[in-house]
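Enquirer: What follows is each chain in one-letter form.
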Amino acid sequence: MTFTVRVEAQPFDVAREHARLSALGPGVGAVVLFTGQVRDEPLLLDHYPGMAERQIAARLAEACARWPLLGATIIHRFGPLAVGEGIVLVGTASAHRAAAFESASFLMDWLKTSAPFWKKAAGGWVEARASDELAAARWLETQEQLR
Amino acid sequence: MTFTVRVEAQPFDVAREHARLSALGPGVGAVVLFTGQVRDEPLLLDHYPGMAERQIAARLAEACARWPLLGATIIHRFGPLAVGEGIVLVGTASAHRAAAFESASFLMDWLKTSAPFWKKAAGGWVEARASDELAAARWLETQEQLR
Amino acid sequence: MAVRLLYFAWVRERIGVADEEVPLEGPLPLAALVERLRARTPGHAHALGEPARLRAAINQEFADWNAEVHPGDEVALFPPVTGG
Amino acid sequence: MAVRLLYFAWVRERIGVADEEVPLEGPLPLAALVERLRARTPGHAHALGEPARLRAAINQEFADWNAEVHPGDEVALFPPVTGG
Chain A
1 MTFTVRVEAQ PFDVAREHAR LSALGPGVGA VVLFTGQVRD EPLLLDHYPG
51 MAERQIAARL AEACARWPLL GATIIHRFGP LAVGEGIVLV GTASAHRAAA
101 FESASFLMDW LKTSAPFWKK AAGGWVEARA SDELAAARWL ETQEQLR
Chain B
1001 MTFTVRVEAQ PFDVAREHAR LSALGPGVGA VVLFTGQVRD EPLLLDHYPG
1051 MAERQIAARL AEACARWPLL GATIIHRFGP LAVGEGIVLV GTASAHRAAA
1101 FESASFLMDW LKTSAPFWKK AAGGWVEARA SDELAAARWL ETQEQLR
Chain C
2001 MAVRLLYFAW VRERIGVADE EVPLEGPLPL AALVERLRAR TPGHAHALGE
2051 PARLRAAINQ EFADWNAEVH PGDEVALFPP VTGG
Chain D
3001 MAVRLLYFAW VRERIGVADE EVPLEGPLPL AALVERLRAR TPGHAHALGE
3051 PARLRAAINQ EFADWNAEVH PGDEVALFPP VTGG
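Protein chains in written order, with my numbering: chain A, 1 to 147; chain B, 1001 to 1147; chain C, 2001 to 2084; chain D, 3001 to 3084.
Treat the hints with care, since some could be wrong.
Here are the simulated EDC-like cross-link-like pairs (lysine to aspartate or glutamate), alpha carbons at most 20 Å apart as the crow flies [unchecked claim]:
1) A:Lys120 / D:Glu3013
2) A:Lys119 / D:Glu3013
3) A:Lys119 / A:Glu85
4) B:Lys1120 / C:Glu2013
The set of hints was computed from the structure by calculation and includes no laboratory data.
Work out the full structure: start from the sequences and follow the hints.
Expert: What follows is the structure in C-alpha cells.
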C-alpha cells in the first residue's frame, strides 16, 4: 500500500502515477485517476505551504477509513499554469471499482473546499462556488449509506 | 468532441488515452480515467464480436444524453490476460468533475451488466455478481435526480 | 429459411460448437426455439437445460424468452455477462 | 510574546505583506485579533473588513471566529479556498 501526497510547482506525469497505482499488487482490480486541468484561461495558483499538505493528508486518511484502498496519490500544483495544464491529480487503487470511484470523488470534493489553494485569473481572484460546498457536504449525509 | 469505442486484443496505452481526452479543447476541465485490471489470477476473456461494440456504443450514447461530455473513450480487451494487465478503460472528459466522475461510473456499471464479455479463470467461468446488477439499476432510479 | 445460432462461454463449451444454422420456417418465440435446440444433442440439452442461467440476444440486442425469432435472425445464447 | 500572521490571495494583496508578527500577551478570540489587525493600516481595514468573506486557520487547521489564539500560534487569514 502506498499513499502519496505532493504539493509542487512542476507538471505531473499521468502515465507514471497510473502505472504506480496499477502495480501495487495482484489485489488491485480498479484504478481511478482524476485530473483537473486549466480551462479557458491561464491561472496563477496561490497556496499555503504546510497547511496544503496537511489538509490533503487528512482527507486521504478519511478516505482510507471509509474505503478499502490499496493505494492513493494526490498531487496539487501551484504557481502559474497555462490552459490545458494539469492542476490536480487524484488517483485511487482498490480491488473493486466502487471503492476506487467513490474515494476519488470524495477526495476531489473535499480538496475543493478544504485544501488551501486560491486561483487567480486575468479578471482577478476566482470566487468560491456554493456548489462545491454542497458537493463536499453530501459525503457527510451519505457517510452511513456508503459503508 | 471525440467519442471512441474499441474492442481489441492488444494492451491499451493509458497515457495516450488520457492525453487525447485532456487535449480535446480549452473547455476541458476534468478528465476521469478508470481502468479495470486482472486481479489475483490470469483470465481468458471471451466476447461476442459486433454485439460488444454495439452495446458499448449504446451505453456511451446514453451517457452523452445524460451528461455534458466533451469526449469519452471506452476500450475493452478480449483474449488471454495476465495478472495486472488492463481489461477495460473508460475515460471521460468534461468541463467539470461531477459529469466526468458520474458518467465514467455509469459507463462501468452498465458495461458490467450489458457488454457481452465472459471471464474464464483456472477454476472455470466466472459467475455474474448480483451486486453488479444492483449497481447498474441504481442509475435507473437516480436518473431524474441527476439531471 | 434458417436462423444463425451463436454460443458463448460455457454454453459454447457444452454444445461443442461456436455457431450453427438451424431451419426456421416462420416466427417462433425464443423459448420455443431453445426448446427445439435442447433436443439436438446431449451437449445442447446440458447447455440449455436451465434457461434461468442463460441470457439471449436477437440480432445483437438483449432479448427475453417471449421475443419472436424470425428466419434470417442472428440469435445468441450465453451466460450472464462478466466483463468490465 | 507574539503571533505569526499569514495572508493569502487577495487578503495578502490588500494588506501588502504576506506575513507579519503582532504582539499577543495572552489568549484572545480570533474575532478580537482580527478586530485589532483591522486598525493597523488602511490595507488591513480593506482586507479584513468583511469577516463573512474570510476564512481562518490556527496552526494550519481551519478555525472559526470564536476559536482562541494563543501566543506562539500561526494564524492565517484568506478567502474561501478555490483549488482543485
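Enquirer: So, for every hint listed, does it hold in this structure?
Expert: Results of checking the hints against the structure:
1. With a C-alpha separation of about 12 Å, the suggested pairing of Lys120 (chain A) with Glu3013 (chain D) holds against the 20 Å cut-off.
2. Between Lys119 (chain A) and Glu3013 (chain D) the alpha-carbon distance is near 14 Å, which keeps this suggested pair within the 20 Å criterion.
3. For the suggested pair Lys119 (chain A) and Glu85 (chain A), the alpha carbons sit about 14 Å apart, so the restraint of at most 20 Å is met.
4. With a C-alpha separation of about 12 Å, the suggested pairing of Lys1120 (chain B) with Glu2013 (chain C) holds against the 20 Å cut-off.
Going down the numbered hints, you'll see the structure goes against none, and every one checks out.
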